[in-house]
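All chains should be built: construct the whole structure from the sequences, respecting the hints.
Chains as they are written, first to last, in our numbering: chain A, 1 to 516; chain B, 1001 to 1318.
Read the hints as simulated data drawn from the structure, not as lab findings.
Since the structure is predicted, the reported quantities are computational estimates derived from the model, not experimental observations.
Hints should not be assumed to be uniformly reliable.
Straight-line Cα separation of at most 25 Å, BS3-like style, residue types lysine-lysine; simulated pairs [unchecked claim]:
no. : chain 1 : residue 1 : chain 2 : residue 2
1   : B       : 1072      : B       : 1106
2   : A       : 334       : B       : 1002
3   : B       : 1295      : B       : 1167
4   : B       : 1091      : A       : 334
DEER-style ranges, computed between Cβ atoms [as the list claims (entries may be wrong)]:
no. : chain 1 : residue 1 : chain 2 : residue 2 : range
5   : A       : 407       : B       : 1008      : 52 to 60 Å
6   : A       : 12        : B       : 1180      : 47 to 55 Å
7   : A       : 394       : B       : 1148      : 55 to 63 Å
8   : B       : 1068      : A       : 435       : 20 to 28 Å
9   : A       : 494       : B       : 1064      : 24 to 32 Å
10  : A       : 12        : B       : 1066      : 48 to 56 Å
11  : A       : 7         : B       : 1134      : 33 to 41 Å
12  : B       : 1114      : A       : 362       : 25 to 33 Å
13  : A       : 12        : B       : 1215      : 51 to 59 Å
14  : B       : 1134      : A       : 376       : 23 to 31 Å
15  : B       : 1226      : A       : 490       : 33 to 41 Å
Even glycine gets a Cβ: it sits at the ideal position worked out from N, Cα and C.
Listed below, chain by chain, are the residues.
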Amino acid sequence: MKKPSRAPFYSIIVGLILLGLGTAWLRHTTMEIPFLAGEQRPVWMIEARVDFFANGDPVVATLALPDNPPGFRMFTEQAASPGYGWSVIESNQGRRGEWTKRSAAGPQTLYYKAQFVGGLDNDPIIEPQIPQARSVIWDGPQATAAGQLLAVALSTSSTPQSMTRELIKLLKDPSPDQNASLMLAAEPNMATLLEKLLNQAGIPARSAMGLYLEDARRHQSLTQMVEVYDGEEWVLFNPATGQQGVPENLLIWHRDNQSLLDVVGGRNSRISFSMIYQTVPALELARAQSNDSIFSIIGVHRLPIEEQSMFKLLFLLPLGALVVVFMRVIVGLKTSGTFMPILIALAFLQTSLGLGLFSFISVVSFGLVLRTYLSRLNLLLIARIATLVVLVIFIISVLSLVGYQMGLNTGMTITFFPMIIIAWTIERMSILWEEEGPKEVLVQGGGSLLVAVLAYLMMQFPLIGHLTFNFPELNLVFLALIMLMGQYTGYKFSELRRFRAMVENEIVEDKAGGTK
Amino acid sequence: MKWVSPWRLRRMGILGMNCRNRDFIGSYNPRHLFPLVDNKLKTKLIAEEYEVATPRLFFVVEQQHEIATIEKKLTGLEGFAVKPAKGSGGKGILVIIGRRGDKFIKSSGVEITVEDIRRHMSNTLAGLYSLGGKPDVVIVEDLIQFDDSFEGYSYEGVPDIRIIVFKGYPVMAMLRLATHASDGKANLHQGAVGVGLDIGTGSALRAVQFSRPVTHHPDTKRPLHEIQIANWRDMLLLASRCFEMTGLGYIGTDIVLDKVRGAQLLELNARPGLSIQVANGRGLLPRLRHIESIKPRSHRTPEQRVDYVMRTFTRDGQ
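So this is what it looks like as structure tokens:
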């Protein structure tokens, strides 16, 4: 009977707590499940509106869609356009949304809406193969001018980035030299010109169409930017300002290797963008982007809603058990039936506290009255319990019906009470009454209700429901705490009262001894 | 003062419920031995095997149909006790001390009919008084004719002596006296008087009722400090032998002193209560730790163990 070493036990406890908290933390960071229930995340809601005039023929309209824009992540997307078929086509050219209709005539309006989460880190896009610079062909005089311009820029720069900056500086000069003026005259679009020049210099460059995000703007259009490949990644430049890198409020909509909008079967097509800044519950955000990582397997969000709500209750039980263990081991409260309080607390969750307490007490006291009559009938125990079960069902039905007639719809919810458990409770309390008197019934019944109410208060706390449901692994922490309390050998709170008589008696005796 | 600081309790060496359950019951009482003490019938049978004296068994009722013809079995029995074999905390014990016509007289003086006895037995068989509501059997055994030395010390009930035996060493003892308030029951929380007994001599140390010190029995007014248990050493021996009998390290033995048959083992308890400490005015822990520190097998026989504790756990000693 040697006492086993406690080290393995405590390492299990510590392990469980670390496992629970660690998994929760990892899931929080990787899946962005929020720790707080009501947490809101800002998102950009962007709407692209396509207008065109249909000729009466079959219509195919395709729109370039954002594909992993740097710094943003798509949260939801949808197309609203009555009568049109909609699909998203993904190819290595990028994503395109396609509207189709057998025949359409007159002015048409198509909408594409998407929500984006912003403010994320820019993950550099790794190109599978190193991009090559395009070959550029100019007319005679422009070729010379371009060559001279590039020579100047090359001499004052060292890297593709500085080269780009130097070129922008030359082109943007308020009093441009001859070469720059000539090039600008031939190609007034700064971005296109810059891209061509860079490619000519052997630096891979491409143009990208970005959308500047500003809250509550309408009729916005895309801004052309230039992306330069520096040997490792694409670097974005704003040709108008020379600014390097992707600004926080710029969403890259598409790249120039594809057109923004193609309409077949229509004419006069136009596209405009509007946007608002809105907030959505962070939890919804996390749920929408649940990916295939191992952490999402632990979550129950993939189950059907019906099963999810069952799990919601199930994952609350460990907390209830923790409350019961605490109240009985540490506080020393007497309850009738060890875990009956949890079941009552679960029933309270369905009924609301006041009504639940009222109906529980009335059902049990009704049952006790009937039980006193049953005890005179001298039934066998099992038959007596079964009789009680039936009677409890009757009592609950009557109470529900009365509640319903009085206009209390909630009256129906008391059917959530575990009837078998209530029948046993009535039986035990009745015996307790006969053997120990009504005081003990009040003590134990009150203790059960107190524990039930405490467990209920903990369980209905929105944060706790949120945490146990979204981070089921936190129940490992509860498990560890329960096991830890199983090792507690100190005094219960109630014993501090129970044994106070000993201390008092001792004091009295000491005094008596002193006077003798 | 409503609460006591836990440190104060610890200094007094008081054993708490959690500590008892885990460090003593959990560590020294192997689970598979519990049925021996939880079932009074098994206790009785094994006690006979080890020649530990127990009240005479009249008969056992195991089946519901036997209850119909119970009068026949009860004929010729003046006083008897009806007990559930797996009862706990004194629940379901019916003591009949005599008859008047076809009525039976309970120890409280109330008359009951044979129908009441039938119902009581039927309830017992169905498991009303057993732990966990399991089906049970009824034991009908001889009534204890308590010793004259207790005359006037008990009201409507049998005074019994509770001795806590740890690893075969009796560590603490008290005499439990039924009172009017306790309805003839010997449980302290129901209002019985608990008299702490000196392990060395078997004389009264102090007495409490409802955790308050008392000097006289509340009903009979006899002074309690005069109590001196006769044949104290035999009683300790009887208690100590229960260790070999059951193999349980931490038990409470309930012993009664019969006028004719001497010390009798009434029942054993694998989860003895803590109020014995209140009756004795001292905590159990120092004595339990002392026994734990004794080298194993330093006292091999019950006699050696009893002599050791009578020397060690004296009124002013440990």
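We went through each hint and held it up to the structure:
About 19 Å separates the Cα atoms of residue 1072(B) and residue 1106(B), which keeps this hinted pair within 25 Å; it holds. In summary, the hint linking residue 334(A) to residue 1002(B) is supported, as the alpha carbons are separated by about 19 Å, within the 25 Å threshold. Of the pairs offered as hints, the one joining residue 1295(B) and residue 1167(B) holds, with about 12 Å between alpha carbons and a cut-off of 25 Å not exceeded. Under the criterion of a C-alpha separation no larger than 25 Å, the hint pairing residue 1091(B) with residue 334(A) is consistent with the structure, at around 18 Å.
Remark: the range hint 52 to 60 Å for residue 407(A) to residue 1008(B) is upheld by a beta-carbon distance near 57 Å. The supplied range of 47 to 55 Å is met by residue 12(A) and residue 1180(B), whose beta-carbon atoms lie about 53 Å from each other. At roughly 57 Å, the beta-carbon separation of residue 394(A) and residue 1148(B) lies within the given 55 to 63 Å, and the hint holds. Between residue 1068(B) and residue 435(A) the C-beta distance comes to about 26 Å, which sits within the given range of 20 to 28 Å.
Roughly 40 Å separates the CB atoms of residue 494(A) and residue 1064(B), a value that falls outside the hinted 24 to 32 Å. Here the CB-CB span from residue 12(A) to residue 1066(B) is close to 52 Å, well matched to the stated 48 to 56 Å. The hinted range of 33 to 41 Å is satisfied by residue 7(A) and residue 1134(B), whose Cβ atoms lie roughly 39 Å apart. Evaluation of the 25 to 33 Å hint for residue 1114(B) and residue 362(A) yields a failure: the beta carbon distance comes to about 39 Å.
Distance hint check for residue 12(A) and residue 1215(B): the Cβ-Cβ separation is about 53 Å, which falls inside the suggested range of 51 to 59 Å. One distance hint, 23 to 31 Å for the beta-carbon pair residue 1134(B) and residue 376(A), holds here, with the actual separation near 25 Å. Between residue 1226(B) and residue 490(A) the Cβ separation comes to about 39 Å, which falls inside the hinted range of 33 to 41 Å.
This entry does not satisfy hints 9 and 12, going by the numbered hints stated previously.
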